[in-house]
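With these hints in hand, go ahead and build the complete structure from the sequences.
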Amino acid sequence: MTREDELFKRLRDGDEAALDELIRSCYPGILRYCLWHTSDPQTAEDATQETFLKAVRHIDAYAHRGKFKAYLYKIAANTCTDLWRRSGRSELPEPEEYIEAGFERVESELSLAQLLSTLSGKQREVIVLRYVHDLKLKEIALILDEPLRTVQSRLRSALKVLEKSL
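So the working numbering is basically just the index in the sequence shown, starting at one, shifted up by 485.
Misleading hints may appear alongside valid ones.
Label-pair distances were calculated between CB atoms; the ranges are [said to hold, decoys possible]: (1) 648 to 505: 41 to 47 Å; (2) 549 to 570: 26 to 32 Å; (3) 502 to 642: 40 to 46 Å; (4) 621 to 491: 32 to 38 Å; (5) 531 to 599: 25 to 31 Å; (6) 632 to 502: 35 to 41 Å; (7) 542 to 498: 17 to 23 Å; (8) 490 to 571: 31 to 37 Å; (9) 623 to 563: 17 to 23 Å; (10) 531 to 502: 24 to 30 Å; (11) 572 to 602: 30 to 36 Å; (12) 531 to 641: 17 to 23 Å.
Hints in this document: simulated from the structure, not taken from any laboratory. Given the structure is predicted, the values throughout are model-derived calculations rather than measurements. Every residue, glycine too, gets a C-beta built ideally from N, C-alpha and C.
Quick look at the structure:
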């Protein structure tokens, strides 16, 4: 039984501390994801909090099958899109250069932002979800609401573009 499974079992048994622990364990990854999609840290923080509010509000309807992380990323993706549309635009912005402590070394060694800018938005999204957020291809397909084969194809083509850039 995974840690996530244990937390959901405790949650079903009425242990509210399990919900806090579940949120604490997922919060940094969702915040990084929202930072990638928003124009400033405050908006990312708002999107992250809204993501968790939506998840908690609908936690009773969620049927746990070991994919809570993917479920949260799907909510975060929709929340970021909603926030962006409310700002009067129709598409998500190009990710801004954001340097987080964990990315600083990678950014300087590989010029990650520059490499990713050579990709289309959809390819970049797959690369970020796969390698930055360490999600499985099936989870990415759920988040992006795309067939698994499409996600695999985008990943392959993105890796080819990155290989040429290197």
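Name the hints, by number, that the structure is in violation of. Violated: hints 4, 11, 12.
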